[in-house]
Amino acid sequence: MQEKQKQLEYERLVLVYSDDLFRYALWRCRDKSMAEDLVQETCMRAWKSLDKLRDISSSKAWLMTILRNEHARLYARYRPEMVDMELDTVSLKDANNDTSPEAFALKQALKELAEEYREPLLLQVIGGLSCEEIAGVCNISKSATMTRLFRAKQKLREVLRPDEGQVDA
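The opening residue of the sequence shown carries number 10 in the working numbering; numbering runs sequentially from there.
Hints are computed from structural coordinates only; laboratory data are not their basis.
There's no promise every hint is true.
Derived PhoX-like pairs (lysine-lysine); straight-line CA-CA distance at most 25 Å [unchecked claim]: (1) K151 x K61; (2) K69 x K162; (3) K15 x K61; (4) K120 x K162; (5) K61 x K116; (6) K15 x K69; (7) K69 x K151.
Work the whole structure out from these sequences, hints included.
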C-alpha cells in the first residue's frame, strides 16, 4: 500500500470507528482516561499493521480485535484497585451516561453476566459488529457466537424481567 493511500485509509478508519472503539473501551475498562489511552494505543497499532488488513470490509472487527488485545495487554501490566468501580462514576458529561433506575439495573445485570456472554453482546450492541465479525474477534465459531448472544439476552431478560416467563395457574 502506498504511503499516501495508507494514510488516507487510516484516517478514514479512525474517523468512522473511533466513537465505537471508545464506547467499547469504556465498557471494557470502566475508566474514561484509560479508555482514551486504550483507543489511542489501538489506533497506533492499527497504523503500524494497516498493511496486514486484508479485507477492508472487516476493518471494524479488525480494530475491535486490536482493542481487545490491547486491553488484555494493558490489564496484564496494570491491575488497578478501582477496576470494579461503578460505571456511574464516569463523568456525567458522557453522552451515553444514563442514570435512570432502568439503566442502572441493566449495567448491574451486564456486570453479572459471565464474560463469555458479555463480550459478544457488547461487541454486537456497543460495537455494532455482525455475528461473523464477533466470531472473528472472539475466536469462536459463528454458531457459538449466536448461541452466546441468545443466552446473554435470555439471562438479561431473566434478571431484568423475572415475572415475564411465569404463567399463573
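Okay, the hints, checked on the actual structure:
{"no.": "1", "hint": "K151 x K61", "in the structure": "holds (23 Å)"}
{"no.": "2", "hint": "K69 x K162", "in the structure": "holds (23 Å)"}
{"no.": "3", "hint": "K15 x K61", "in the structure": "holds (11 Å)"}
{"no.": "4", "hint": "K120 x K162", "in the structure": "holds (13 Å)"}
{"no.": "5", "hint": "K61 x K116", "in the structure": "violated (36 Å)"}
{"no.": "6", "hint": "K15 x K69", "in the structure": "holds (16 Å)"}
{"no.": "7", "hint": "K69 x K151", "in the structure": "holds (17 Å)"}
When held up to the earlier numbered hints, the structure conflicts with hint 5 and nothing else.
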